[in-house]
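Asker: Under this note's numbering, the first residue of the sequence shown is numbered 58, with each subsequent residue one higher.
Since the hints were made in silico from the structure, they are not lab data.
As the structure is a prediction and not an experimental result, all values here were calculated from the model.
We put the CB at the ideal spot given by N, CA and C, even for glycine.
Heads up, a few of these hints could be off.
Derived DEER-like restraints, expressed as beta-carbon distance ranges [stated by the list, open to error]: (1) 64 <-> 118: 28 to 34 Å; (2) 71 <-> 150: 44 to 50 Å; (3) 95 <-> 123: 23 to 29 Å; (4) 94 <-> 121: 20 to 26 Å; (5) 123 <-> 144: 23 to 29 Å; (6) 80 <-> 115: 22 to 28 Å; (7) 79 <-> 117: 18 to 24 Å.
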Amino acid sequence: LVYLTVLGRPIIFLNSYENAIDLLDKRSLIYSSRPSLPMLRKLMARDWSISMMPYGPILQKRRMLLHLFLNCNVMERHHNNLAPETHQLILGLIDSPDKYLEHVRR
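Whenever a hint applies, use it, and build me the whole structure from the sequences.
Answerer: Structure representation (C-alpha cells):
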C-alpha cells in the first residue's frame, strides 16, 4: 500500500487484487466518493446533479427516489402520458427550434 499527496489530493496505490477488493468493494461506503469539482458544482450551479454529488445521505435519498419513480414498472404506467408529451415536444422543436429550452421545460 502506497499513499501519496499530489497537488493536494491523496492518491493510494494498492499492491494486490485482494486489497483492492477489500477496500473498494467491501468497504466502498467508507472509502469511495466522487471528487469535489468546485468549478462545475458551484459556478455552473450543478449542486443538484446526482452525478456531481459526493456520497452521503442526500445522495442516497435522491437515488432511492429516482429508482422509485423511474424504474421500468413505473414507466410503463406513465406511457399514456409520455407518448403525447413526446409528440408535442417534437412538434414544438420542429416548429421553433430556437425555443428549445421553452419546449423542454414545458
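Asker: Just tell me: holds or violated, for the beta carbon distance of residue 64 and residue 118 against 28 to 34 Å?
Answerer: holds (32 Å)
Asker: Indicate whether the distance between the beta carbons of residue 123 and residue 144 respects the range 23 to 29 Å.
Answerer: For residue 123 and residue 144 the Cβ distance comes to about 25 Å; the hint holds.
Asker: Taking the CB of residue 95 and the CB of residue 123, does the distance hold inside 23 to 29 Å?
Answerer: holds (24 Å)
Asker: Given the hint of 44 to 50 Å, is the C-beta distance from residue 71 to residue 150 inside that range or not?
Answerer: Holds, since residue 71 and residue 150 (Cβ atoms, about 49 Å apart) stay within the stated range.
Asker: Does the Cβ pair residue 94, residue 121 satisfy 20 to 26 Å?
Answerer: Given about 24 Å between the Cβ atoms, the range holds.
Asker: Please check whether residue 80 and residue 115 have a Cβ separation lying inside 22 to 28 Å.
Answerer: holds (24 Å)
Asker: At the C-beta level, are residue 79 and residue 117 separated by a distance inside 18 to 24 Å?
Answerer: holds (22 Å)
When held up to the earlier numbered hints, the structure conflicts with none and fits them all.
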